[in-house]
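Protein chains in written order, with our numbering: chain A, 676 to 1059; chain U, -6 to 218.
Rather than coming from a laboratory, the hints here were simulated on the basis of the structure.
Predicted model, so just to flag it, every value in this text is computed and none were measured.
The beta-carbon is built from N, C-alpha and C at its ideal position, and this holds for glycine as well.
Among the hints, erroneous ones may be present.
If you anchor each label on the Cβ, the simulated ranges turn out as follows [to be verified]:
(1) U:R153 / A:L1027: 33 to 41 angstroms
(2) U:V12 / A:R961: 28 to 36 angstroms
(3) U:D67 / A:V1036: 28 to 36 angstroms
(4) A:L1027 / U:G138: 42 to 50 angstroms
(5) A:L1032 / U:V12: 38 to 46 angstroms
(6) U:D60 / A:V993: 44 to 52 angstroms
(7) U:T108 / A:R961: 24 to 32 angstroms
(8) U:L21 / A:R961: 38 to 46 angstroms
(9) A:S992 / U:N165: 38 to 46 angstroms
(10) A:V993 / U:E111: 30 to 38 angstroms
(11) U:G106 / A:R961: 21 to 29 angstroms
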Amino acid sequence: MTSLNLIAAYYRLRGYASTYGLLLMVFASTAVVFMALLWPAFRYYHTASANAATWDIHVNGPITSLDTEEIVRIAGPTAQWSSASHGGLHARVVRNGRSTTNGDSYVINRVSGEPFALTWAPPGIVLSGRLDSPDSAGLDWVTARRLHARIGDTLVYRKAFVDPEGAERAFTGSARITAILSTTYDSRGLIFIAPKELERALQSTVGIAASDVFIRVKQPERVASKLKRLPAARNWGVVTKAEYHREALAGAEGSGAHSYGERGVLVAAAVLLALILRDLLVRISRRRRSLAILYSLGSRPRPLVVAHVIEQLVLLSVILVAGYLAGPRLLVTVTGLYPPAETLRSIAVLWLGGSILLVAVCATYVFWSMRERSLVLLASDLGE
Amino acid sequence: MIYNLSDVTLAHSSSKGSVPVVRDLNLLIPERDFLAIVGPSGSGKTTLLNAMAGFLKPVSGTVLYRDTDLASLDPAEAAAYRNREIGLVHQFFNLIDDMTATENVMMPLLIRGNTLREARRAAAEILDQLGLGKLARRRPPRLSGGEQQRVAIGRALAGRPSVILADEPTGNLDRATTRDFMSLLGELHRAEPLTIVLVTHDQEVAAAATHRLDLGEVTACQRTA
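With these hints in hand, go ahead and build the complete structure from the sequences.
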C-alpha cells in the first residue's frame, strides 16, 4: 500500500475528471475574486496615483490660445502643463492621463461617438514606432485595431468643439501614423498627435483652444493666486490639488462611489462568485466522500495526503500559468477595461496573490479533512 | 471464532459528551456464519458494525478478530485489516461516481498494491460473476439502485475478504431487488468461505440469515455458535 499505488488508483483512472472540474472552478472563482474584489482597488490605486502625478492646478473655462500662453508664462519655465479641450457634445475630459510633458501643450480628450480626439503622446507609452516629425501621429492600440490602421497609414481626423457662443465648430487635419501607443484603461479611442501638428490644428480654429489646463508646478498656491488675478480668470475656475481634494472629500462623488453600471457588475460578480463557491464546495464535499470511501477500503491517510498535495500543486501551477497568460486578456474581454502595458505586472502579482490565497483555503480544508480522526468520522458516517 | 466481543460498550461522541448505545455486549461469531443484527433505530446496529470494521474503539471491553484486539491496531494495521480481511457494503452503495463499475471494483486491489492489469482482470471476473459484465464501463449514476448495490458487493468481494460487513444493504432497494440481492448474498455465502454480518431493520431480510441478534431486545447479550 504505497502512495504511488493510491495515486495510480485515484488519478490514472477517473480521478482526473474531477480534478479538471475542481481546477476549472478554482480558476473561475479566482477570476471572479480578482474582478470583483481586487480590480476596483487596483483601479482606484492606479487612478489615484495617476491623478496625483498629473497636475497641481486645474484651470477650467473658455481658454484661448493667448490665454494659454499667459498661463504658461505665469507658471514659469520649469512648470509642466497640459491643456485639454472638450471634443464635442459627448466628449469628456480625462484628467487621469499619465502626462509628463516638458512644456509642450497637449490636449486630452475621450471620444464618445466622435471619430477622434487629439493629444500629444507621453513618451513612456509608445508601444512601437516614433513620434518625431511634425506630421507624425500616434494611435492607441485599441483604436488602431478597430480601424485596421498600421504604421505608415495616413490619418484624417476631425475635431469638434463648441465655441463661447454655443455654436458647434470643427477643424480637420491629417497626419501619418508613426507610432502605436499603449493607453490607460479609460483613454480608449484616443489619437495622439505630435505637438507641432496639434499646434497647427489649434491655430486653424477660432476662439477657444481649450477648456481645461492642467499645470504641474512647485508652488501651486502662489501660481494659482496669480492666475486668479488675470482679467480672463473671472470666467474660469482655478483650483489647486489641495482645494480639489478638500472638495472631493466633502462631496459624495469624491468618496469613490461607483457608477450604477459598476455597481451592477459588482453585484453580478458577487452572485457569480457565490454560485461558483457553492459549486466548489459541493465538489470538495464529493471529493471528501470519495476519500472516505478509499479510507474505508483500506487506504492509509498518508497516501491520501500525498495525493492531495500533488493535486493542490498541480492546481496552483496551472492556475498561475493560465492566469498569467489569460488573466489580463480575460479582464479586457469581460470588463472592457484596457490596462496599460506597465500595469500587467501588477495584474500578474495580484493574480498570483489571489490564486495562492484561494488554493491555500482549499488545501487547508482538504488537509483538515485528511486528519485520521476526520477520516474515521467520514468513513463511519458512510453507512448513515 | 472469527469475532469475539467481550463486555463491549460502545458510545457516540457528541458535544454533550459520550452517549452509550451498546452496553456490555458479549458476542461470538464463528467462521462462515451469516449473522443478521436487527433492532430499532438508535439501538447501535451501525455503531456495532463500525467497531467490527475498526473505525470505532469500544469504551470498554474488547473486539477480537481472530484473537487480535482491533483496538490495539495502529492506523497502518487497521488499514491493512480493512483492506484484506473485510468487505464493506453500505445502504447508499458509496461508489465513487467519477469511476466506472470496473474501476470501483478495482480500488481495493490497487490500494493493496496489485497492478492495474491484475486489478482490471479480477474486477472483470467478479462483475461477470455478478451478471454485470455488460455494465462494467458504466458509472454509478447510470446504474439502477440494484445494479449499484451489486457493484458494491463486487467491490467488497474483490479483495477476497473473510468477512462481509453490510450496513442496511437493502435499505435503498425495492422489494423485488431486495429479494434478488439477498438471494445473491445467500449464494455467495454458500459458495465462498465468507462470514457475513448484516445490519438490517427489515425482518424479511434478517430471515435470510442463519442467525440473528436483536439489539432492541437485549441490553447484555451473550451468544455462542
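Status of each hint after checking the structure:
no., hint, verdict
1, U:R153 / A:L1027: 33 to 41 angstroms, "50 angstroms, violated"
2, U:V12 / A:R961: 28 to 36 angstroms, "30 angstroms, holds"
3, U:D67 / A:V1036: 28 to 36 angstroms, "32 angstroms, holds"
4, A:L1027 / U:G138: 42 to 50 angstroms, "47 angstroms, holds"
5, A:L1032 / U:V12: 38 to 46 angstroms, "40 angstroms, holds"
6, U:D60 / A:V993: 44 to 52 angstroms, "51 angstroms, holds"
7, U:T108 / A:R961: 24 to 32 angstroms, "28 angstroms, holds"
8, U:L21 / A:R961: 38 to 46 angstroms, "40 angstroms, holds"
9, A:S992 / U:N165: 38 to 46 angstroms, "41 angstroms, holds"
10, A:V993 / U:E111: 30 to 38 angstroms, "32 angstroms, holds"
11, U:G106 / A:R961: 21 to 29 angstroms, "26 angstroms, holds"
Going down the numbered hints, you'll see the structure goes against just number 1.
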